[in-house]
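Note that the protein sequences, when read in sequence, are chains W and Z.
Residues in the first sequence are numbered from 1 upward in steps of one, following the working numbering.
Residues in the second sequence are numbered from 472 upward in steps of one, following the working numbering.
Please keep in mind that the hints were generated in silico from the structure rather than gathered at the bench.
Treat the hints with care, as some may be off.
Label pairs and their in silico Cβ distance ranges [claimed, not checked]: (1) T183(W) - F687(Z): 42 to 50 Å; (2) L20(W) - G938(Z): 28 to 36 Å; (3) N422(W) - S759(Z): 45 to 53 Å; (4) Y526(Z) - T50(W): 51 to 59 Å; (5) P262(W) - Y891(Z): 34 to 42 Å; (6) L753(Z) - T183(W): 37 to 45 Å; (7) P222(W) - Y891(Z): 20 to 28 Å; (8) Y526(Z) - Q190(W): 33 to 41 Å; (9) A518(Z) - H184(W): 33 to 41 Å; (10) Y891(Z) - T432(W): 42 to 50 Å; (11) L753(Z) - R102(W): 30 to 38 Å; (12) I742(Z) - P3(W): 45 to 53 Å; (13) T532(Z) - L6(W): 32 to 40 Å.
Result set (SDA-like, lysine to any residue): computed pairs, CA atoms no more than 20 Å apart in a straight line [claimed, not checked]: (14) K158(W) - L756(Z); (15) K153(W) - R903(Z); (16) K904(Z) - W104(W); (17) K153(W) - N828(Z); (18) K429(W) - F347(W); (19) K904(Z) - T154(W); (20) K158(W) - D291(W); (21) K443(W) - V98(W); (22) K904(Z) - A150(W); (23) K153(W) - S831(Z); (24) K24(W) - V842(Z); (25) K617(Z) - E694(Z); (26) K904(Z) - V105(W); (27) K158(W) - Y891(Z); (28) K913(Z) - L508(Z); (29) K158(W) - R895(Z); (30) K904(Z) - E103(W); (31) K158(W) - L753(Z); (32) K443(W) - T346(W); (33) K822(Z) - N760(Z); (34) K24(W) - F839(Z); (35) K904(Z) - N151(W).
Every residue gets a Cβ at the ideal spot worked out from N, C-alpha and C, and that includes glycine.
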Amino acid sequence: MIPILLIIVLFPAIFLGAMLLSRKHGRAIALASAVVGLALVLFLFFTVVTTGNTAITETYGYISSLGINFDLRTTTASLVLLLMSSVIILAAALGGNVSREREWVASMLLILFQLGANGLFLSGNFFLFFIFWDIGVIAPFFMINVLGSANRKTASYKFIVYEIFASALLLFGILLIYSYTPTHTLNMAQAAMAYSSMPAGIQQSIFLLLFVAFMINMPIFPLHSWLPDAHSEASTQGSMVLSGILTKFGGFGMLLIFTTMPIAHSYSTYIAALSAVSAFYAAFLIMRQSDIKRIVAHTTIVEMSVIMFAISTMTALGSAGALYGMLAHGISVAMMFLAAGAIEHTFRERNIGNLRGISDAAKATSYIFLLGIFAITGLPLTAGFIADILMFLGALSAFGLYGIVPLFSLVLMGAFMYFVINKSFFANKERTAAEDHIDITQKAGYSILALALFIFGILPFILLGLFNVII
Amino acid sequence: MLPYMSGNEFLVYLIAGPLFLLIVSGIISMFHKSERLSFVFTSALLAVMSVAAFYLATLGTSFSFLGILQANSFSGLLFGALAFGLLLVEILSYGRTVYLQEFNMLLSFVAFGVFMVTFAYSLIAILVGLESVILSTAFMILASGKKYLEPAVKLFLLGAIATAIFTFALALLLPWDPSAALTPAVITGSRFVLGLSLVLFAGALSIEAAGFPFNFWVPDVYEGSPGNVTALLAGINKKVGLIAMMQILAVVFIGYTATLGASLPADLLFIIATFTMFFGNLAALVQSNVKRLFAYSSISQAGYILVGLAAAEHIATLQGNTGIQAAIFYIIAHMFMIIGAFAIIFWLESKNINTLNDYSGLSGRNMFVAVSLSILMLSMAGVPPLVGFAGKFLLFSSAVSGGEALLAFIGIINSFISIYYYARVMNQMFLRKEGKAMQIDKNIAIVVCICLAFVIIVGIYPQILLGPATSAASALASYNPFTLG
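Given the sequences, and given the hints that come with them, work out the whole structure.
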């Protein structure tokens, strides 16, 4: 039996080492790492599908004095999100750096982030979860701080302050889990069995600490204000992984605590209300934006709030929908950021008022952006449609007709987005094709993401077969 | 002939012998011209002592010698680590110190002081050790040049005050612990005098360990001294103070909590730790001189170690005390982090790069320095997978399981605050700016690489250090002639 999980977690380290040796081939090494990552994840996926066993676990000795092992495990959620992150990282490595600036640093950070994401989704105990969480935060910090655009310093500050605050809360929650489990374990499966026997106050503290930490990361109103700055100032690759993968860390954590901690029941209604408010708040915020990257960044808040709403239904359908929603949103938002990055690179312009009809000049980019809007608003044949159906079916069964309310935030968001794309992409048409500079690798990035969106939209049973039991 | 010395005892002479040679050679070298010879001899002896001490730590035996000293894994591990730290300081200073021979002689006195404190089985030994460390450091500052008079005098005076308070505290303790041995004091009768003695000990040791009310000298002296001595002050001196604090408060006064139910030691350490962390971190937020910023940062780091000591007091049994184990781990981890950071600062100050503004665009001038300093700072801020995170995890988890959850929370909030000023430095370093490329000196690069290797390797696999730290903590517990509850 090959230690497939360990290989998936640790292989980026080899590419990082290769990176240090060669400063010239940064881009090629990052691409190789992304391809190898996707291949390994597909192999894992193939193994899971053919054996029907979604819960693969691997344990290696790590810090024996503390009883902490190097536990790795797969769950439905981790498989789906791992697949998503591999696809996004491949697209980012391929087309994300269209201007070819500071390629070595950019590729290095991308592989570092890949290490964090793979480790986080596969970690079987909270110690590893925290370690990979922070790796996944530090890499984007430098993607903003070193590679970002004009306001990158302020944005990266805001980002790191929010995220480190989140990880401080997470760490304290983890320490509480460590000292209140009878065997002093951080293993997620063992902790899940121990929660119900802890004192109620401790359970509440753990739940709230972890909830707020994940809430900052997702993000949910009122702790969302780092996101628009960070996502709009990061490099294109940075925006793709931030929006596509980093926000899913929080979603993954939410699924984890809502499915294992019995105390979640007493909070779920309030949390549902909060996420509905958050979705509408962000949908209205979008209408005040004029920067195309900020608009895409705000759609992330809307979508993640709706996903949080689905998780807080605490039904099997809702959780499955949330997971599918994260998959669909991750891929589509990465696609839109890739397109937005190309627009910025081609026209040196991010303000929607000044774009003035780019659809003739940049055909591929415009239509890909349109496809992204289709996907996040849940048009049939895209993965977003499946996600919306599952989420709102779950919400209907949990909250009755009130469960449908957040759907209108998606409608609001969609209405404004169609308005934007019509006015600044498909009307006026003052731009000419001579301005289009994007090359084949960028288009390859588009097609990978678009293909993934359609595959998961038209053939949802590929993944839905996994969803008999969530987590 | 009968064997008159066991193998283990011989090992102690393998440490004490080079130490003696070091002192002798230091004195001889003052009358000798060759700097290189002095450097080679000093570093070789330090390396031999360090290796022998690490070997002693792995043996797991425990025996006393000369009546006031005791060799076991605790002394072996800490002396080995600190002797290695001294070696790093020696490498840093080579070729950059005006009076290297005098410097080396004083360094040998520091090594002697470290030896006395880590191997101490008696409070007298600790007193002698602390005194010789702090006084020789004061003169080391002077040996670096005439312009360093002010920090030297400050350090000298504070060392004198610390010694006076320490002696008085010792005098108050003697009725309960007439042998002045490093064993839990047998507590009967008046608690008041013993409590006073405890507070005075905490005060005297806070001066060296940069605990809150007595650490206002730290930023001035750290900033005023040359970078290599600052590395010594932050890496060795402060650690010696913390080790002494661990031995005295967590061993001698452990019975105070257990027999009388008084939580004075734990509460006292709680207050000192809280204020030290907040003072260091909040003051560091507004600094514009990087060396001063790191001085405040190292104050806050001492606060984290005090969290472990407070937890150790609260746990109140010596065997299996996770607080002591975490403190030992973090003392060694922080020594490497801070020596690495001050090595870089030492090199930059020779290029006249001192303030935060001077640091801007450093990554364009020397990428290696910018990246290494960032990694060391991230480690100090407690970002995984670096050693600072492993240490803080141990400290705070020992605090939570020891019943000091509030202190753990304060500590976590403080590490969160600290990320802000570390991010400020990183922000400046990675600004895009044109500048002349700088070539790093070989001896600085060696020290930085060693520290980085430690920070990354032990961070990824903390068991390397945690195993020895655990056995060191249990060796400290075995000083105990009788068991407490």
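Comparing the hints with the structure gives:
1. Separated by about 46 Å at the C-beta atoms, T183(W) and F687(Z) satisfy the suggested range of 42 to 50 Å.
2. A hinted range of 28 to 36 Å holds for the C-beta pair L20(W) and G938(Z), which are about 29 Å apart.
3. In this structure the hint that N422(W) and S759(Z) lie 45 to 53 Å apart at CB holds, the actual value being about 51 Å.
4. Remark: the range hint 51 to 59 Å for Y526(Z) to T50(W) is upheld by a beta-carbon distance near 53 Å.
5. Roughly 37 Å separates the CB atoms of P262(W) and Y891(Z), a value that falls within the hinted 34 to 42 Å.
6. For the hinted restraint 37 to 45 Å between L753(Z) and T183(W), the CB-CB distance of approximately 39 Å keeps it satisfied.
7. Separated by about 21 Å at the C-beta atoms, P222(W) and Y891(Z) satisfy the suggested range of 20 to 28 Å.
8. Judged by the Cβ atoms, the range 33 to 41 Å given for Y526(Z) and Q190(W) holds: they are separated by roughly 38 Å.
9. Separated by about 39 Å at the C-beta atoms, A518(Z) and H184(W) satisfy the suggested range of 33 to 41 Å.
10. Distance hint check: the CB atoms of Y891(Z) and T432(W) are about 48 Å apart, consistent with the given range 42 to 50 Å.
11. In this structure the hint that L753(Z) and R102(W) lie 30 to 38 Å apart at CB holds, the actual value being about 35 Å.
12. With their beta carbons about 49 Å apart, I742(Z) and P3(W) fall inside the hinted range of 45 to 53 Å.
13. For the hinted restraint 32 to 40 Å between T532(Z) and L6(W), the CB-CB distance of approximately 38 Å keeps it satisfied.
14. Of the pairs offered as hints, the one joining K158(W) and L756(Z) holds, with about 16 Å between alpha carbons and a cut-off of 20 Å not exceeded.
15. Distance hint between K153(W) and R903(Z) is fulfilled; the C-alpha atoms sit about 11 Å from each other, no more than 20 Å.
16. A hinted pair counts as satisfied when its Cα atoms are at most 20 Å apart, and K904(Z) with W104(W) qualifies at roughly 18 Å.
17. Our distance criterion of 20 Å between C-alpha atoms is met by K153(W) and N828(Z), whose separation comes to about 15 Å.
18. Under the criterion of a C-alpha separation no larger than 20 Å, the hint pairing K429(W) with F347(W) is consistent with the structure, at around 13 Å.
19. Simply put, K904(Z) and T154(W) have alpha-carbon atoms about 18 Å apart, close enough for the 20 Å limit, and the pair holds.
20. With a CA separation close to 19 Å, the supplied pair K158(W) and D291(W) stays within the 20 Å bound.
21. For the hint linking K443(W) to V98(W), the alpha-carbon distance of about 10 Å falls within 20 Å, and the restraint holds.
22. Only pairs whose Cα atoms come within 20 Å are accepted, and K904(Z) paired with A150(W) is accepted, the gap being roughly 14 Å.
23. At roughly 13 Å between alpha-carbon atoms, K153(W) and S831(Z) fall within 20 Å of each other, so this suggested pair holds.
24. For the proposed pair K24(W) and V842(Z), the alpha carbon gap of about 19 Å is at most 20 Å, so the pair holds.
25. Our distance criterion of 20 Å between C-alpha atoms is met by K617(Z) and E694(Z), whose separation comes to about 16 Å.
26. At roughly 16 Å between alpha-carbon atoms, K904(Z) and V105(W) fall within 20 Å of each other, so this suggested pair holds.
27. The hinted pair formed by K158(W) and Y891(Z) meets the criterion: a straight-line CA distance of about 10 Å does not exceed 20 Å.
28. For the hint pairing K913(Z) with L508(Z), the CA-to-CA distance comes to about 18 Å; that is within 20 Å, so the pair holds.
29. Pair hint K158(W) plus R895(Z) holds up; C-alpha atoms about 12 Å apart against a cutoff of 20 Å.
30. Pair hint K904(Z) plus E103(W) holds up; C-alpha atoms about 18 Å apart against a cutoff of 20 Å.
31. Restraint check for K158(W) and L753(Z): satisfied, since their Cα atoms lie roughly 18 Å apart, inside the 20 Å limit.
32. The hinted pair formed by K443(W) and T346(W) meets the criterion: a straight-line CA distance of about 14 Å does not exceed 20 Å.
33. Proposed proximity of K822(Z) and N760(Z) is supported: the alpha carbons are some 15 Å apart, at most 20 Å.
34. About 17 Å separates the Cα atoms of K24(W) and F839(Z), which keeps this hinted pair within 20 Å; it holds.
35. Taking the CA atoms of K904(Z) and N151(W), the gap is near 16 Å; set against the 20 Å cutoff, the hint holds.
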